[in-house]
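Undergrad: Be aware that the sequence shown starts at 18, since it is given in the numbering used here, and climbs by one per residue.
It should be emphasised that the hints constitute simulated quantities derived from the structure, not laboratory data. Some clues are possibly wrong.
To be verified - Listed next, the in silico SDA-like pairs over lysine to any residue satisfying Cα-Cα at most 25 Å (straight line): (1) Lys151 <-> Thr161; (2) Lys155 <-> Gln183; (3) Lys160 <-> Arg128; (4) Lys155 <-> Asp134; (5) Lys155 <-> Trp174; (6) Lys160 <-> Asp134; (7) Lys126 <-> Lys155; (8) Lys126 <-> Gly109; (9) Lys155 <-> Val178; (10) Lys179 <-> Pro159; (11) Lys102 <-> Ala116; (12) Lys149 <-> Thr164; (13) Lys102 <-> Ser60; (14) Lys179 <-> Ala163; (15) Lys102 <-> Thr164; (16) Lys149 <-> Lys160; (17) Lys41 <-> Thr20; (18) Lys179 <-> Ser166; (19) Lys155 <-> Arg128; (20) Lys98 <-> Arg51; (21) Lys179 <-> Lys149; (22) Lys98 <-> Arg120.
Because the structure is a prediction, the values reported are computed rather than measured.
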Amino acid sequence: MATLETIQRKIERLRAQAEEAAAKQLSAVIERIRGIMEKHDLSVADVAAHLGETRGDGRKARRAGNVARASGQGKVKGQGKLPPKYMNPATGETWSGHARPPRWIAGVKDRTRFLIDSGEAARKQTVSVQAKGKLPPKYRDPKTGATWSGHARPPAWIRNVKDRSQYLI
């Protein structure tokens, strides 16, 4: 029967082997990625800009979900994302013009050169909503001529009537 010490030595040897295998595999994957990047003439900055994970100064940007949690605010139901108003031409990062400005536009006095074509942004966000308006009446009181659409609370003249079909228009 194996002793506890021999089993622990075996575990340590296996851990060391696993770390070596993981390091070899990681270096092989990195070499493959590097080869693909060279083949397509890409830089790390190009990949980061495409993923939108860096700011203009190269530091990692916060994700939208983490910002809300970090500031103590949850997502408010019914609030949508504002359309972008400004865009950084170097990275493609956008800003709606509300809240704290990002670093790439914070120190700029004239922000007009970063403006996105307002017509295009407005067209993307426009949603047509028709007003419901007043519903046509379904019931009429023959004595007074008062009408009721059949929705909401019934008026006093029809509230206690068992058969409303005699009041139908």
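Undergrad: Determine for every hint whether it applies to the structure shown.
TA: Hints, one by one, checked against the model:
no.: 1; hint: Lys151 <-> Thr161; verdict: 21 Å, holds
no.: 2; hint: Lys155 <-> Gln183; verdict: 11 Å, holds
no.: 3; hint: Lys160 <-> Arg128; verdict: 68 Å, violated
no.: 4; hint: Lys155 <-> Asp134; verdict: 49 Å, violated
no.: 5; hint: Lys155 <-> Trp174; verdict: 14 Å, holds
no.: 6; hint: Lys160 <-> Asp134; verdict: 61 Å, violated
no.: 7; hint: Lys126 <-> Lys155; verdict: 62 Å, violated
no.: 8; hint: Lys126 <-> Gly109; verdict: 20 Å, holds
no.: 9; hint: Lys155 <-> Val178; verdict: 15 Å, holds
no.: 10; hint: Lys179 <-> Pro159; verdict: 16 Å, holds
no.: 11; hint: Lys102 <-> Ala116; verdict: 12 Å, holds
no.: 12; hint: Lys149 <-> Thr164; verdict: 19 Å, holds
no.: 13; hint: Lys102 <-> Ser60; verdict: 28 Å, violated
no.: 14; hint: Lys179 <-> Ala163; verdict: 18 Å, holds
no.: 15; hint: Lys102 <-> Thr164; verdict: 49 Å, violated
no.: 16; hint: Lys149 <-> Lys160; verdict: 30 Å, violated
no.: 17; hint: Lys41 <-> Thr20; verdict: 32 Å, violated
no.: 18; hint: Lys179 <-> Ser166; verdict: 17 Å, holds
no.: 19; hint: Lys155 <-> Arg128; verdict: 57 Å, violated
no.: 20; hint: Lys98 <-> Arg51; verdict: 36 Å, violated
no.: 21; hint: Lys179 <-> Lys149; verdict: 30 Å, violated
no.: 22; hint: Lys98 <-> Arg120; verdict: 20 Å, holds
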